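Asker: Model the placement of chains B and C on the given structure of chain A, informed by the hints.
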Amino acid sequence: MDFFQTIIALLESTIRLSVPLIFAALAGLYTERAGVFDIGLEGKMLGAAFAAGAVAAVTGSVFIGLLAAILISVLLSLVHGYASITQRGSQIVSGVAINFIVFGSTVILGEAWFRQGGRTPALSGDARFQTWDLPFADAVKDVPFIGPIYANLLSGHFLLTYLAFALVPISWWVLYRTRFGLRLRAVGENPGAVDTAGISVIWLRYRAVICCGILCGFAGAYLSLAMNAGFVKGMTAGKGYIALAALIFAKWRPVNIMLACLLFGFLDALAIRLQGNPLPLIGQVPVQLMQALPYILTVILLAGFIGKAIPPKAGGIPYVKER
Amino acid sequence: MSNPYAKLPNWAEYGLIPLVNLVVAFLVAGLVVLLVGENPLNAAYHMVNGAFGRGEYIGFTLYYATTFIFTGLSVAVAFHAGLFNIGSEGQAYIGGIGVALACLWLDRTMPWFVVFPLAIIGSAAFGAMWAFLPGWLQAKRGSHIVITTIMFNFIASSLMVYLLTRVMKPLGSMATQTRTFEAGGQLPKLDWLLSIFGLNIGNAPFNVSFLLALLAAFGVWVLIWRTRFGYELRTMGHSPSAARYAGISETRITIIVMMISGGLAGMMALNPIMGEQFRMQLDFVQGAGFVGIAVALMGRSHPAGIIPAAILFGMLYQGGAEIAFEMPAISRDMIVIIQGLVILFAGALENMFRPAISRAFASFGQRSAAVQTKGA
Amino acid sequence: MSDLAIELRGIDKSFGLVHANKDINLQVRKGTIHGIIGENGAGKSTLMSILYGFYQADRGEIVVDGKAVVIKDPNAAIASGIGMVHQHFMLVENFTVLENIMLGAEDSQVLNTSISKARVELKRLEKEYALEVDPDALIEELPVGLQQRVEILKALYRKADILILDEPTGVLTPAEADHLFRILGQLKDQGKTIILITHKLREIMAITDEVSVMRRGEMVATRTTKETSVEELAELMVGRRVLLRVEKGEANPGAVKLSVKNLTVRDGRGVTMVDNVSFDLKAGEIVGIAGVAGNGQSELLEAISGIRRAVSGSVVLNGSTVDVTGHVDPGALRSQGLGHVPEDRHHVGLVLKFDESENAILGYQRDKRYLNGPFLNMEAIRAEAEEKIQKYDIRPPNAKLKTANFSGGNQQKIVLAREMERGPDVLIIGQPTRGVDVGAIEFIHKRIIEMRDRGMAVLLVSVELDEIRALSDRILVMFAGRVVGERGTDATEGELGLLMAGVEGPKEAAE
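Here the protein sequences come in this chain order: A, B and C.
Going left to right, the first sequence walks through residues 72 to 394 as the working numbering numbers them.
Going left to right, the second sequence walks through residues 13 to 388 as the working numbering numbers them.
Going left to right, the third sequence walks through residues 332 to 842 as the working numbering numbers them.
Take these hints with a grain of salt, some might be off.
Derived DSS-like pairs (lysine-lysine); straight-line CA-CA distance at most 25 angstroms [as the list claims (entries may be wrong)]:
#	chain 1	residue 1	chain 2	residue 2
1	C	Lys490	C	Lys531
2	B	Lys152	A	Lys384
3	A	Lys392	C	Lys684
4	A	Lys392	C	Lys403
5	C	Lys613	C	Lys777
6	C	Lys448	A	Lys392
7	C	Lys361	C	Lys403
8	C	Lys458	C	Lys519
9	C	Lys448	C	Lys403
10	C	Lys531	C	Lys454
11	C	Lys519	C	Lys531
12	C	Lys579	C	Lys519
13	A	Lys384	A	Lys322
14	B	Lys201	A	Lys322
15	C	Lys490	C	Lys398
Short, incomplete list of chain B residues facing chain C, as computed with Cβ under 7 angstroms [unchecked claim]:
#	residue
16	Arg256
17	Tyr257
18	Ala258
19	Gly259
Derived from the structure by calculation, the hints contain no laboratory data.
Fair warning: this is a prediction, and the values are worked out from it, not measured in the lab.
Ideal Cβ positions, reconstructed from N, Cα and C, are used throughout, including at glycine.
Just chain A, with the same shape it has in the complex (with noise of 0.2 angstroms):
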């Protein structure tokens, strides 16, 4: 039953660990797939969470940090949209400057205003979301083998939780089901196409810009507001770019992408509890090495020896008119 009950909990803390890749990932899903790619994600991700840090701290609620969030994270992505799209710039550079740009001024502007070397003030009541218990979750509790996995591990999630694992259908009905979807998903392959039907590259390009941007600010408003109780300096530690690995590694697919996310996901609770203890059979694992799995991972994959990514194929090329 022990090992069990470690299983429940492993499995526990790599739902909650996944959940901000989940939404970097989708995030990153919606841009790539219209042909603009983002390294940025860190960096939206990371302005998001202390924007919902900054302002659940000042207002105490909830939800006025995440829509602060979301803000700051949709009007990244409108830098990088200029960018790329209207300035037909590097997106990579791009991506990487916002990362910089974002990494520097959450420290100065949240030591400047907080005075708490660059945490943003712990949060607690209304201004952090809390955990939602299922139906019946305390009366199954007890029965076995189903009841721990349906109180501990389905249930007590936070809101953003849900939402994370219910945006993988909803991206994948909005990507093939939609009208939207459809648009999108050409203008990463071939704009001219979009063009010659009418569409406006630009206007198609800048919607899927926004979309990344809603959903990194999901991502980092989980990351300060559920997960944490308030924003820490540099608190993405690499997610974002986790992210981009787990991307590449569900080729550019939604439901590919929760899969990956949770093995990442996995990987990463995995290094936390193994943190000390030798595993059975294997030994002492050295947590670095856990912690470099799926950066490994997704070097091999991208090396084609599993399979191969291949990437939209106007991703990263800004669109010019042809003479």
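Answerer: Structure of chains B and C alone, referenced to chain A:
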């Protein structure tokens, strides 16, 4: 594709446009200073004063510049071949192993001028090795170099934590760093160089690796514009199909260029490890690899532009420390913002001001042409 | 109601210094096929892009069906009943036919209903116009002929009454082209108006009712097709009668310099582009390869010059075997006496951002002459560039100027000088005068003959049949990847045309 904008004279192309981009980046940074309730002009004053006000400050500025020359060159070499190496950070980090190994091995028995060449080779070799794999994967397997090098940065970081917590740390020590090197692992300072100008170096760790950086900059210039290999890498950077036509092996160039780029990044490790701390610490790179991107963009990938751009960033780092001291609301992270803004304006938005500047030149050109015809 | 489908009045458009359309007037009658003909760069595509809303005219008026309209984007064009089939298909390759047809014309936010509606409508269109295509096939899996059909269906699905086709036969086999013409005839019978842009006179004569001729951005004439002739149109296109006749003496063929045997080449998608081709090329002769673009000539050149790997076959250059199915180093071929003027000078033959002098050694950068050890010998490179500038009258005579700033003709001279002056034994030339002004054409042709007379073996590929006939001592005709015939200098245009159309070629190539 033809250039959509009128051709600008070289001084405008390489001087005016970067300057305009820089000014805009600083104006936006000034807004952030206003946001935290400080006076941007005061901040600017403290920055310049903090960077150049005293011999010691200049020494620090040049110490940081040394680091950025290496990483800027690293990014620039790859740019010329059409490759975006975001991995200089990780390559510099791994390069540190080479430096540390040479020092740990010989610092007690040999003088610095014996250890230094070995450390150079070691740092370049380790950095090159870390860049080899992304290069190889791009050349042979078609993996996107940007993504692979990002991943390799994180892998490098995990690897170094592992090494510094388990392998390269002296027994019984709690700190995640190697032991401190003896005299053989310490580079001499360039106090004589500053004293020529009547400056006192004070405590600044400005050391001989600066000279190595200048040498590397010259070497990169020669490599890119004066060697066959440079010709081939530029051909590939401009037009892969022309390179194939000219019998240039894309695989070979990609791998070698990445190794050169990684080697240059690795050599950056000499400066902090042998020049300042005399040991290898966790996170000694401190984002210098990323600063290299800003420096390369700012310097238009030309060594003659990279050196002033590196000094500019050295000034930001040193002067930024001074601002932080004078204005507690502004920490050194201010520099990260400026760095990001420079990357944004000099890189992603490089064409934003170009049309206006080109137009200005065109109308000026027409006017002067008209004057000439009238005169004739 | 007007009997004109489209009327353009005084359309004027410039791109920077390039005056692409000068005060264009055009009247297209309803229910006709109207050809617009002109050389490459005459401004046809720009004019049609203005009509389709891709660009805005600087001046002028567009009248559709008697009403003046402003076409500010493709949407407005579609709304006015104009559809366009682009030269490079505007299709999303990993979408199905149905998805491509729907794109931009979906009638609701959610696709389910749109899809079923589109399927029904597509079925109807297929029947009405005899344009069968599997609606669930992925575009990337369809042959080009069918992809083009999807483009036409796209326009019809949007209820286009006026259909613009931009160089539609460039990528088609002759059989596919014939099929396309039948379709166009049918569309006309159903009352559609068709504008056909082409630079091929034969097509104009075969299918159009009226034809307008463009030359250097101007509309120079409109004729009723029945009342004009190929000769008249050709003269209108070129402006003056350019006699593509070059002074040349008899060839004195010597030893075999290049021997190609059973060469087979596939493209990136695995389609066989060169199919079992064999020929010999002797010193002191020019062998021309004629054919409609896309029949394997490009791939043949690439395989011989070592840029593209062949699947099977052998090539013997100057007596030594080239490993064409393995790894070939184009640089090594150069040192064995091969010169190569590639078809695409902008992307292959030159690096446009390089100085002229740097391009003067492209491909020869390993030649000891230009090196001091691993370093470039800048003086030698400069001296050589300046010598060639003189000899080939390259203007402006400035070796430090960026190559992008030279005109097409001068750029081509830079490539020719580089590849000819070294005196290779075998010179292969692709499209020597594409995008080159008339004056330079004469110069280039003379040079090619001169090289032959010096004993060089010259392999010439051109889509300009006149050029092939003017220069070649022997003519090979390629069709669908094969050499379908060899003729001498006495071959008539008609005879070659039939061969190029595959009439006497392999039967399986026909659809």
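Asker: Flag every earlier hint the structure violates by its number, smallest first.
Answerer: 1, 6, 9, 10, 12, 14
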